[in-house]
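Student: Turn these sequences into a full structure, and let the hints steer you where they fit.
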Amino acid sequence: MGEDILLYIFRRCPFVINCYGEDETIGADGRHLFNVFLEYADGGTMADLIEKSRGFGLREFQVRKYTESILKGIKYIHERGFVHCDLKPENILLVSDTAGSSGGARFVPKIGDLGLTKKANQKWEKPSFGGTPMYLSPEAVVYGIQQQPSDIWALGCVVLQMLTGRHPWDFTPGAVFDVRDLLTALLASRIPAIPGWLSKEAKDFLQCCFMWNTSERFTAAMLLNHPFVTKLDNGVGDVKPIKQVSSAVASSVPDCPSFIPLGSWKSEDAEEIAQENVGFSEQEILPLKLMSRHVVPSPKPSTFAIMGAA
1 MGEDILLYIF RRCPFVINCY GEDETIGADG RHLFNVFLEY ADGGTMADLI EKSRGFGLRE
61 FQVRKYTESI LKGIKYIHER GFVHCDLKPE NILLVSDTAG SSGGARFVPK IGDLGLTKKA
121 NQKWEKPSFG GTPMYLSPEA VVYGIQQQPS DIWALGCVVL QMLTGRHPWD FTPGAVFDVR
181 DLLTALLASR IPAIPGWLSK EAKDFLQCCF MWNTSERFTA AMLLNHPFVT KLDNGVGDVK
241 PIKQVSSAVA SSVPDCPSFI PLGSWKSEDA EEIAQENVGF SEQEILPLKL MSRHVVPSPK
301 PSTFAIMGAA
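UniProt numbering puts the last residue of the sequence shown at 310; the count rises by one with no breaks.
Please keep in mind that the hints were generated in silico from the structure rather than gathered at the bench.
Quick reminder that beta carbons are idealized off the backbone N, C-alpha and C, glycines included.
Where hints are given, some of them may not hold.
[Said to hold, decoys possible] Straight-line distance between alpha carbons at most 20 Å, and here's what the computed SDA-like set of lysine to any residue pairs gives:
(1) LYS118 <-> CYS13
(2) LYS118 <-> THR132
(3) LYS119 <-> CYS13
(4) LYS65 <-> THR230
(5) LYS118 <-> ARG80
(6) LYS118 <-> GLY130
(7) LYS203 <-> GLU79
(8) LYS126 <-> GLY144
(9) LYS118 <-> TYR76
(10) LYS123 <-> LEU187
(11) LYS203 <-> SER189
(12) LYS200 <-> GLY57
(13) LYS203 <-> GLN62
(14) LYS118 <-> GLU3
(15) LYS126 <-> PHE82
(16) LYS203 <-> LEU58
(17) LYS75 <-> PRO14
(18) LYS119 <-> ILE9
(19) LYS118 <-> ILE9
(20) LYS119 <-> ALA221
(21) LYS231 <-> TRP197
(22) LYS65 <-> ASP204
(23) LYS200 <-> CYS19
(24) LYS119 <-> TYR76
(25) LYS203 <-> ASP170
(26) LYS65 <-> ALA47
[Claimed, not checked] Beta-carbon label-pair distances, calculated as ranges:
(27) GLY196 <-> ALA28: 54 to 60 Å
(28) GLU39 <-> LYS119: 22 to 28 Å
(29) TYR20 <-> ARG180: 37 to 43 Å
(30) GLY30 <-> ASP170: 47 to 53 Å
(31) ALA188 <-> ARG54: 40 to 46 Å
(32) PRO195 <-> GLY115: 28 to 34 Å
(33) ARG106 <-> ALA28: 35 to 41 Å
Tutor: Rendered as C-alpha cells:
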C-alpha cells in the first residue's frame, strides 16, 4: 500500500503528519516524479531535539506531553488495523502547535514516514521484519513477527531516548548498530537499561513497553491511561492501589513459532548490510534457540492502577 494512500487513511489524526495533496512532474532526465505535499515540520524531528540536549535528555514534563501525543498517533494507526514498523525519533516530526493540542508544548509531535507501514495480522504474511535495528522488538528480530506490540516496544525505546538523551542500546559512537548488535544486546540484558534516577512513573511506563511477552505488553490505549501520561506536573496524580491489567491486552497477537527465521531486511541500511554476510552461524543460532525456550519471570506488575482497566 502506497504512502499516499496511508496518509489519506490517517488524514483526520492530528498526530500523524498531514498530506495536502500530490502531483506528478517530469524531471530533467525525462523520468516521471510523484510529489507529495506534506505538512511543514518547522521544529525538525524528535532526533534533532534530543541531539540539542547534548546527552542530558529532555525534561520529564516535556517527555510526558510528547509521549501522550505520540501515543494518540499510534493508537489511531493501530485502531485502523495497521503497524507502523519504523517508529524512531527521526520519524517523529515537530510541528508548531497552533491549536493547543500538545498541552502547552511549543511543538506537537506527529508520526511520519509511513514507508514500512503494513496491515496488521495478515495470515499469509511470511516471517519478516523491517525498520531500524536500534528500535526493533525481540519478537521481530528473533521470530520475524512484527505486529502492533512491536510498535509499543519501539515507543519505549523512543521515550527512553527522550528521557536520557542517549540511544536505548549502548554502541560505539559513529559505528553502525545492526541486527547482530541487537541480538547480542538482547542476549546480554533482554531490555534496554532503565536508569534508577528516573521517576517511578517513568520506570514503570518503560517496563510496560518492554515486556518480552507480547500478550503482556501494554497497548497504546492502556498506556494513555498510565500515570506517566496522566499525572499532573505538580505531582498530584490519580494513582490508586495495584490492579491487574495485563489480561486486558488484545489477544489477537500471533503466537511466536518455535523456529527462528532470518527476517528479510527493509530499512534504509538494507543495501549496506546486504553486502555483508548476515547469515547466523550455528554458534549464534543455538543461544537464540535456548533463549526462546528459557522461561524468564516477567517484571513486577505495575504499581499503578490504569483507569478503565477491568
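Student: Does each hint fit the structure? Answer for all of them.
Tutor: Hints and how they fare:
1. LYS118 <-> CYS13: Cα-Cα ~18 Å, so holds.
2. LYS118 <-> THR132: 15 Å, holds
3. LYS119 <-> CYS13: Roughly 18 Å separates the two Cα atoms, so the pair holds.
4. LYS65 <-> THR230: Status holds; Cα separation ~9 Å.
5. LYS118 <-> ARG80: Measuring from Cα to Cα gives roughly 11 Å; hence the hint holds.
6. LYS118 <-> GLY130: 10 Å, holds
7. LYS203 <-> GLU79: Judged against 20 Å, a Cα distance of about 26 Å means the pair is violated.
8. LYS126 <-> GLY144: Holds - the C-alpha atoms of GLY144 and LYS126 are around 8 Å apart, at most 20 Å.
9. LYS118 <-> TYR76: Measuring from Cα to Cα gives roughly 14 Å; hence the hint holds.
10. LYS123 <-> LEU187: 29 Å, violated
11. LYS203 <-> SER189: 16 Å, holds
12. LYS200 <-> GLY57: 17 Å, holds
13. LYS203 <-> GLN62: Holds, at roughly 16 Å.
14. LYS118 <-> GLU3: Between LYS118 and GLU3 the Cα gap is close to 10 Å, so the pair holds against 20 Å.
15. LYS126 <-> PHE82: With a Cα-Cα distance of about 17 Å, the restraint between LYS126 and PHE82 holds, given a limit of 20 Å.
16. LYS203 <-> LEU58: 15 Å, holds
17. LYS75 <-> PRO14: 12 Å, holds
18. LYS119 <-> ILE9: 12 Å, holds
19. LYS118 <-> ILE9: At roughly 13 Å apart (the allowed maximum being 20 Å), ILE9 and LYS118 satisfy the hint.
20. LYS119 <-> ALA221: Holds: LYS119 and ALA221 sit about 19 Å apart, inside 20 Å.
21. LYS231 <-> TRP197: Holds, at roughly 18 Å.
22. LYS65 <-> ASP204: 17 Å, holds
23. LYS200 <-> CYS19: 38 Å, violated
24. LYS119 <-> TYR76: 13 Å, holds
25. LYS203 <-> ASP170: 18 Å, holds
26. LYS65 <-> ALA47: The given pair, whose Cα atoms are some 16 Å apart, holds under the 20 Å limit.
27. GLY196 <-> ALA28: 54 to 60 Å: Once the Cβ atoms are compared, 57 Å apart, the range 54 to 60 Å for ALA28 and GLY196 holds.
28. GLU39 <-> LYS119: 22 to 28 Å: Holds, since GLU39 and LYS119 (Cβ atoms, about 24 Å apart) stay within the stated range.
29. TYR20 <-> ARG180: 37 to 43 Å: Holds, since TYR20 and ARG180 (Cβ atoms, about 41 Å apart) stay within the stated range.
30. GLY30 <-> ASP170: 47 to 53 Å: 48 Å, holds
31. ALA188 <-> ARG54: 40 to 46 Å: Since ALA188 and ARG54 have Cβ atoms about 27 Å apart, the given range 40 to 46 Å is violated.
32. PRO195 <-> GLY115: 28 to 34 Å: 32 Å, holds
33. ARG106 <-> ALA28: 35 to 41 Å: At 39 Å between Cβs, range holds.
Going through the hint list in order, the structure does not satisfy hints 7, 10, 23 and 31.
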